[in-house]
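J.: Here's the letter readout for the chains.
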Amino acid sequence: MAKRVPWDRETRWRRLDTLLAAVIVLGVLAYMYELMVGSRGLDPVYIAANYGLYVTAVTVNLYMTTVAYAVGMTAGFFLGWLRTIRSVPIKKVVHDFRAFADTSSRSKFVLSGALGLTVAWAGLKYLVRRLGDAYVEIIRGTPLFVQILFAWSILVVNFPGLFTNPTSVAFSAGLLALTANTAGYQAEIFRAGLQTVHSGQVEAARALGFSRLGAMRHIVLPQALRLIVPPLTNEYIGLFKASTLVFILGVQTEITFVANRNAFAGHIFEIFAIVTAIFLLITVVLAKVIQALESRFRIPGLGIQQTRAERPRARPLRLPEAPTP
Amino acid sequence: MVLKEVCDALVPQTAPFSFMIETKAAGHGDRPGPTERHRVRLVTRTTALRGAEVAAGVVFTLLFFQEFLQFSLFDPYLWAIYGPIFLAGLNGTVRYILLVIPISVVLGFFLGWARISRHRTLVWPVTMFIDFFRGMPPLILVIFAFLFGDNLIPQAIKDRLLSGIPLRVVSVTAAALAIAFHSAAYQAEIFRAGFQSVPKGQLEAAQALGMRSWQAMRFVVLPQTFRLSLPPLGNELAVVIKDTSLLAAVAGGEIVSRSQNFAGTLSIFGYPVEWLFAIWTAVAIAYFVATFSVTRILLVLERRFHTPGLEAVSI
Amino acid sequence: MIRVEGIHKYFGTLHVLRGISLNVAKGEAVVVIGPSGSGKSTLLRCINLLVEPDEGRVFIEDTQVNRPEVRREWVREQVGMVFQSFNLFTHLTAMQNVMLGLTQVKGIPKDEAAAKARQLLARVGLAVKENSYPAELSGGQQQRVAIARALAMDPKAMLFDEPTSALDPEYIREVLDVMTALAREGMTMIVVTHEMGFASNVASRILFVDAGVVIEEGTPEEVFHHPKQERTRSFVGKILR
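Residue numbers (this note's numbering), protein chains in the order written: chain A, 558 to 882; chain B, 444 to 758; chain C, -4 to 236.
Be careful, since some hints might not be right.
[Stated by the list, open to error] Chain B side only, calculated, beta carbon under 10 Å to chain C, not exhaustive:
1. Leu530
2. Ile596
3. Gln598
4. Ala599
5. Thr616
6. Glu647
7. Arg655
8. Arg746
9. Phe748
[As the list claims (entries may be wrong)] With a straight-line Cα cutoff of 30 Å, these simulated DSSO-like cross-link-like pairs (lysine-lysine) come out:
10. C/Lys124 to B/Lys643
11. B/Lys601 to C/Lys223
12. C/Lys21 to B/Lys601
13. C/Lys124 to C/Lys111
14. C/Lys101 to C/Lys124
15. B/Lys643 to C/Lys223
16. C/Lys151 to C/Lys124
17. C/Lys124 to C/Lys105
18. C/Lys223 to C/Lys21
19. C/Lys151 to C/Lys111
20. C/Lys21 to C/Lys101
21. C/Lys21 to C/Lys151
22. C/Lys151 to B/Lys643
23. C/Lys21 to C/Lys111
24. C/Lys111 to C/Lys101
[What the hints assert, rightly or not] Taking CB as the label site, the calculated pair distances span:
25. B/Pro519 to A/His652: 26 to 32 Å
26. B/Arg747 to C/Gly102: 25 to 31 Å
27. B/Pro519 to A/Val685: 34 to 40 Å
28. A/Val685 to B/Ile596: 21 to 27 Å
29. B/Asp574 to A/Leu684: 43 to 49 Å
30. C/Pro63 to B/His562: 18 to 24 Å
The set of hints was computed from the structure by calculation and includes no laboratory data.
By construction, the Cβ of each residue, glycine as well, lies at the ideal position given by its N, Cα and C atoms.
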């Protein structure tokens, strides 16, 4: 049978489609260029002279991001772990206490003391959980701007003598706020990672003879660590973009501040072009690196973002017929 | 025995079924990062009780803070002076929210729809738009929209429609629109996932019944898309509310900028410095109430339109 | 009543249908069998024009329908289809699923449509489930609703694309019963299936299709027990238990 690729309307339309798409994209870009820059043209001298300024400014952002991220990660890890603590149901408390009371012939004094302790312990766990919840909800429910200003207030009011110049106050306030912020979000990520591992696996591990802590160490943690890598890396990118907000404190070496200050002196479009280029470059590069890392370390079928389960089939799936368009 | 208890307590509580986990793990600020594609998974419902617990926890933390930082949120002297400013700021914020949210939802919907079109003419420009507005930090977008938003409007439109409006208003509106576009880019991904979660076979079945494309769209695809998109949409709307605070960078007349102005004058007028905390706590509470209510309202909506079998939710 | 002449279909360079012809008389039930990838589903979809043939002609009641002037929606009202994965609309109840075509495509007012839907659901034995959502129904029940939905359009013929392949074994019977009843009532049907029992009972003719061509055609007795072609023999040998 001869092979035949019909040159039909379908293919021709595809090509026209692609051409049109390219035209539109280029056209929009050209129009934007025309609109913003116009006949002046982008001033290459200015760009060449000043792009270093912005690159250094961005490194300040990167620095802040990384420090806040690292500290936030440790705090977030513990906070997240904390939030997975079981809250003990009342029945169990009563049951445990009864068991304790039955097996011993202690005096009433000791028994009530024991009851008090159990209740206190359960209550403590409950309180700790709620505090953790509250912290995360507050961080997620309020804008970063407000958090930054709040952090600044704390530093200025409560530790006035600690910083010599206003710049370091601003810098520290920014760091503090960013850390608290990322700790909150990372706590959620860690919590989800720890909880998503199917409890059936823990059961299976225990049936094999692992203790609870051992199961945690050998079964839950390795999977959890794989699970949380994608959201954590995206958190880094997000934090980097959010670090631009410390500009409001006047952190003078930060990129938004630099851009803003220079913009008012002129060359707005050149500055915008530089800043856009820097951010898009960083975001794209980071995203690609992350994707490469993810595909290297991922376990198929394991992810916080699970696909919806298909209806299970009783018989093996037949190979599909030729695909219908 | 105590040690065992402690160790036991430290082991995380895993759920019997993975669909009972409520996970909002995503990129920073509850938004998906650039490497996350929206996928679909099942989630449980948080009960009203849990909502009350959370609110209680927050209130408790607040009171604790008051003690710790030595300020009083309920100082009448403060509110006599700051009250009007606070309200004016609230007014501003609410108006921005009402401007930005509808634009971003509608735009996001059509962008998401166009993103998965068969026509590359639609797909390429839309993808360009989405990637740009997702990749740039919102603050940068706000500032630069403010700075040359005015230039981007063709002269003809300016003369005819916008002749009486001062430059500042136009610029701030441009900044608000930048926030709307930024959110629309994220919502486009949400709606796209919603569209793609509707099984293609149902579209085929609708065609086989003799329905035209628009009928199939209206009666089969769209109802399911909306139901599927509601939960992450609620999340995104909360984020947009928080993003309006960015307008403070361009003196937008919303609550953060007005509060900032007031806070700047504290030392001039000799007001106690502790008022700083009270002010920012009040602002934080305002935002918290707003985001909390929006997510709760959407939860209610979600439950009202709930149909069994459509419990999938995307990140 | 349904006639297909010399259909060719390409997906890219893949020549899926290589000049298939088929003739189904009114009231006939024809079963199509064949290995995976042989083009059976594509053939069905060429009949109600969900897939447009590249060459050849499709006739419904002596009208050629694969011409550009013919409204595809009209064609699909004449010929109903039931899918392997049921494809019920998940956000609608069984009743609403059946009614949707009536109200939106045929323009029938709601009460009439509801009455008719009720009647059809009773006919497939699901009167009690009319307000259930697809997720609340078993596979067999879902497929029966799908059949009712297709029947609601009063089609002249019905196409079945492996209707029981996705079902758990205990539900296959109920669906086949509905299809058998339908055939006995005189509905023109083309069924792609692997259910040999059903084929032997109901089909007036069996077609064996492989690699886009009809290899053999005949009564169930002929094809299953005295196949003439070698390929038919080997295929039948594999599936007849």
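J.: Take the hints in turn and mark each one as holding or not.
T.: These are the hints, each one checked on the structure:
At its closest, the beta carbon of B/Leu530 sits 43 Å from a beta carbon of chain C; the interface hint therefore is violated under the 10 Å criterion. Evaluation of the B/Ile596 hint against chain C yields a violated restraint, the C-beta minimum of about 42 Å exceeding 10 Å. Hint status for B/Gln598 relative to chain C: violated, with the closest Cβ pair at about 47 Å, above 10 Å. At about 43 Å, the closest approach between the beta carbon of B/Ala599 and any beta carbon in chain C exceeds 10 Å, and the interface hint on this residue is violated.
With a cut of 10 Å, the hint placing B/Thr616 at the interface with chain C is violated, because the nearest CB-to-CB distance is about 38 Å. At about 6 Å, the closest approach between the beta carbon of B/Glu647 and any beta carbon in chain C falls short of 10 Å, and the interface hint on this residue holds. Hint status for B/Arg655 relative to chain C: holds, with the closest Cβ pair at about 6 Å, below 10 Å. The criterion of a C-beta within 10 Å of any C-beta in chain C is not met by B/Arg746, whose closest approach is roughly 15 Å, and the hint is violated.
Here the hint on B/Phe748 is kept, as its CB sits about 9 Å from the closest CB of chain C, short of 10 Å. Pair hint C/Lys124 plus B/Lys643 holds up; C-alpha atoms about 25 Å apart against a cutoff of 30 Å. Between B/Lys601 and C/Lys223 the CA atoms are separated by roughly 82 Å; this puts the pair beyond 30 Å, and the hint is violated. A threshold of 30 Å between alpha carbons decides the hint, and for C/Lys21 with B/Lys601 the separation of about 69 Å lies outside it, so the pair is violated.
The hinted pair formed by C/Lys124 and C/Lys111 meets the criterion: a straight-line CA distance of about 15 Å does not exceed 30 Å. For a cut-off of 30 Å, the pair hint linking C/Lys101 to C/Lys124 stands: about 24 Å separates their Cα positions. Note on B/Lys643 and C/Lys223: the hinted pairing is violated, with a Cα-Cα distance of about 40 Å set against a maximum of 30 Å. The hinted pair formed by C/Lys151 and C/Lys124 meets the criterion: a straight-line CA distance of about 27 Å does not exceed 30 Å.
At roughly 19 Å between alpha-carbon atoms, C/Lys124 and C/Lys105 fall within 30 Å of each other, so this suggested pair holds. The suggested pairing of C/Lys223 with C/Lys21 holds, with an alpha-carbon distance near 27 Å, which does not exceed 30 Å. Distance restraint check for C/Lys151 and C/Lys111: the Cα-Cα separation of roughly 17 Å lies within the 30 Å cut-off, and the hinted pair is therefore satisfied. For the given pair, C/Lys21 sits about 24 Å from C/Lys101 by alpha-carbon distance, which is consistent with the 30 Å threshold.
As the CA atoms of C/Lys21 and C/Lys151 are separated by approximately 9 Å, the hinted pair is consistent with the 30 Å bound. A C-alpha spacing of about 26 Å is found between C/Lys151 and B/Lys643, which places the hinted pair at or below 30 Å, so the restraint holds. Between C/Lys21 and C/Lys111 the CA atoms are separated by roughly 24 Å; this keeps the pair inside 30 Å, and the hint holds. Proximity of C/Lys111 to C/Lys101 is assessed by CA-CA distance (about 13 Å); at most 30 Å being required, the pair is judged to hold.
Against the hinted window of 26 to 32 Å, the Cβ-Cβ separation of B/Pro519 and A/His652 comes to about 51 Å, which falls outside the hint. At about 30 Å, the CB distance of B/Arg747 to C/Gly102 agrees with the hint of 25 to 31 Å. Evaluation of the 34 to 40 Å hint for B/Pro519 and A/Val685 yields a pass: the beta carbon distance comes to about 35 Å. The supplied range of 21 to 27 Å is broken by A/Val685 and B/Ile596, whose beta-carbon atoms lie about 55 Å from each other.
Evaluation of the 43 to 49 Å hint for B/Asp574 and A/Leu684 yields a pass: the beta carbon distance comes to about 45 Å. Checked against the given bound of 18 to 24 Å, the beta carbons of C/Pro63 and B/His562, roughly 21 Å apart, stay inside it.
Hint compliance for this structure: hints 1, 2, 3, 4, 5, 8, 11, 12, 15, 25, 28 are broken, all remaining hints hold.
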